[in-house]
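> Sequence:
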Amino acid sequence: MSGGDVRIQFEPFKEIVIMECNFFATPEDIARFASIIAGGKAAGLYWAEGVVFIYFPLPATTETATRELVEKGRVYWT
1 MSGGDVRIQF
11 EPFKEIVIME
21 CNFFATPEDI
31 ARFASIIAGG
41 KAAGLYWAEG
51 VVFIYFPLPA
61 TTETATRELV
71 EKGRVYWT
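Numbering-wise, the working numbering puts 62 at position 62 of the sequence shown, and it's gapless, one number per residue.
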């Protein structure tokens, strides 16, 4: 690499810790929940392995959360 080259590397999370799980009886119930939790704004719903979810990453604003993310590749979702 010459002095002006930049190396880009992709490092996905190694672990995602889900800290809360809710079950909804109908699609309308989860749509209502998503609308309320997002303050009436549009909220993204994600689908993986037959599960629909909304996630909010726990901010890495503490030393512990930052260490977990940087050193262990672990992120916490609420």
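Just so you know, these hints were derived from the structure itself, not from any lab.
There may be inaccurate statements among the hints.
Each pair of labels, with its calculated beta carbon distance range [claimed, not checked]: (1) W77 <-> T26: 20 to 30 Å; (2) D5 <-> E28: 49 to 59 Å; (3) P27 <-> G4: 43 to 53 Å; (4) G4 <-> S35: 47 to 57 Å; (5) W77 <-> A31: 31 to 41 Å; (6) A65 <-> Q9: 19 to 29 Å; (7) Y46 <-> G4: 21 to 31 Å; (8) R74 <-> F23: 39 to 49 Å.
All C-beta atoms in this analysis are idealised placements derived from N, C-alpha and C, irrespective of residue type, glycine included.
> Take the hints in turn and mark each one as holding or not.
Hints versus structure:
no., hint, in the structure
1, W77 <-> T26: 20 to 30 Å, "23 Å, holds"
2, D5 <-> E28: 49 to 59 Å, "53 Å, holds"
3, P27 <-> G4: 43 to 53 Å, "52 Å, holds"
4, G4 <-> S35: 47 to 57 Å, "48 Å, holds"
5, W77 <-> A31: 31 to 41 Å, "20 Å, violated"
6, A65 <-> Q9: 19 to 29 Å, "22 Å, holds"
7, Y46 <-> G4: 21 to 31 Å, "38 Å, violated"
8, R74 <-> F23: 39 to 49 Å, "25 Å, violated"
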